[in-house]
Structure formats: C-alpha cells, structure tokens
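Trainee: Sequence:
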Amino acid sequence: MEWFIFYLVIVNVIGFIQMAVDKRKAQYNKWRLPEKQLWFVSSIFGAPGTYFGMRFFRHKTKHKLFKFGLPVLSLLELIVIVFIFAYFDWSL
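One gets this note's numbering by counting positions in the sequence shown from 1 and adding 1 to each.
These aren't lab readings, by the way, just hints derived from the structure by calculation. Please read all numbers here as calculations on a predicted model, not as lab measurements. Honestly, I wouldn't trust all of these hints.
Said to hold, decoys possible - No more than 25 Å apart at the CA atoms, straight line, and that leaves these computed lysine-lysine pairs for PhoX-like:
| hint | residue 1 | residue 2 |
| --- | --- | --- |
| 1 | Lys65 | Lys24 |
| 2 | Lys68 | Lys26 |
| 3 | Lys24 | Lys37 |
| 4 | Lys68 | Lys24 |
| 5 | Lys26 | Lys65 |
| 6 | Lys63 | Lys31 |
| 7 | Lys31 | Lys68 |
| 8 | Lys63 | Lys37 |
| 9 | Lys61 | Lys24 |
| 10 | Lys37 | Lys26 |
| 11 | Lys63 | Lys24 |
| 12 | Lys37 | Lys61 |
| 13 | Lys63 | Lys26 |
| 14 | Lys65 | Lys31 |
| 15 | Lys37 | Lys68 |
| 16 | Lys61 | Lys31 |
| 17 | Lys26 | Lys61 |
| 18 | Lys65 | Lys37 |
Using the sequences plus the hints, can you model the full thing?
Mentor: Quick look at the structure:
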C-alpha cells in the first residue's frame, strides 16, 4: 500500500510541476510541453495534481478540455482508487 500512496504523491507532484513549467515557457514564448504529455501524466492518476496546478498557476483555464476534463478525470481516478483500496482491503 505504501508504494501506491508514494506513487500517487509523485505523479501528482509531477502534474503540478508540469503546469508550472508550461506556464513559464508560455510567458517567455519558448517551446512548450505537448498537451499529450500533460494528459498522459493526468491519465496515470495525476489528474488532481495537474488540475490543482492549472488552477494555482491560472494556466489552460480557458481550454474547455482541461477546464472540464481534468475534474471529471480526477473524479474517475478517485473512484478507481477507492475500489483499489477496497479490493485489496487496504485502509489508511
């Protein structure tokens, strides 16, 4: 169980940092992170961190796919995590 929680923390921190990096690159008109990369990290249980980064840095907030997709994906990931904990009989 500890490794899974560690994984969740790491992947969400990566999602948060990606938003910070992409925002900074956008401000300086530099090469940006591909949206596929942002979505990949989000899809492997990093959606809450990516969403929090989006809100915190006010980045990609006008993109409907990010604005609505990340909260939905976060909710779906939360449901999957609850089922994983229930299936393996893990408790916090």
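Trainee: Would you mind marking each hint as holding or not holding in the structure?
Mentor: Outcome of the hint check:
no. : hint           : in the structure
1   : Lys65 to Lys24 : holds, 17 Å
2   : Lys68 to Lys26 : holds, 20 Å
3   : Lys24 to Lys37 : holds, 16 Å
4   : Lys68 to Lys24 : holds, 15 Å
5   : Lys26 to Lys65 : holds, 21 Å
6   : Lys63 to Lys31 : holds, 20 Å
7   : Lys31 to Lys68 : holds, 23 Å
8   : Lys63 to Lys37 : holds, 17 Å
9   : Lys61 to Lys24 : holds, 8 Å
10  : Lys37 to Lys26 : holds, 16 Å
11  : Lys63 to Lys24 : holds, 13 Å
12  : Lys37 to Lys61 : holds, 14 Å
13  : Lys63 to Lys26 : holds, 17 Å
14  : Lys65 to Lys31 : holds, 23 Å
15  : Lys37 to Lys68 : holds, 16 Å
16  : Lys61 to Lys31 : holds, 16 Å
17  : Lys26 to Lys61 : holds, 13 Å
18  : Lys65 to Lys37 : holds, 15 Å
The structure agrees with every numbered hint stated previously.
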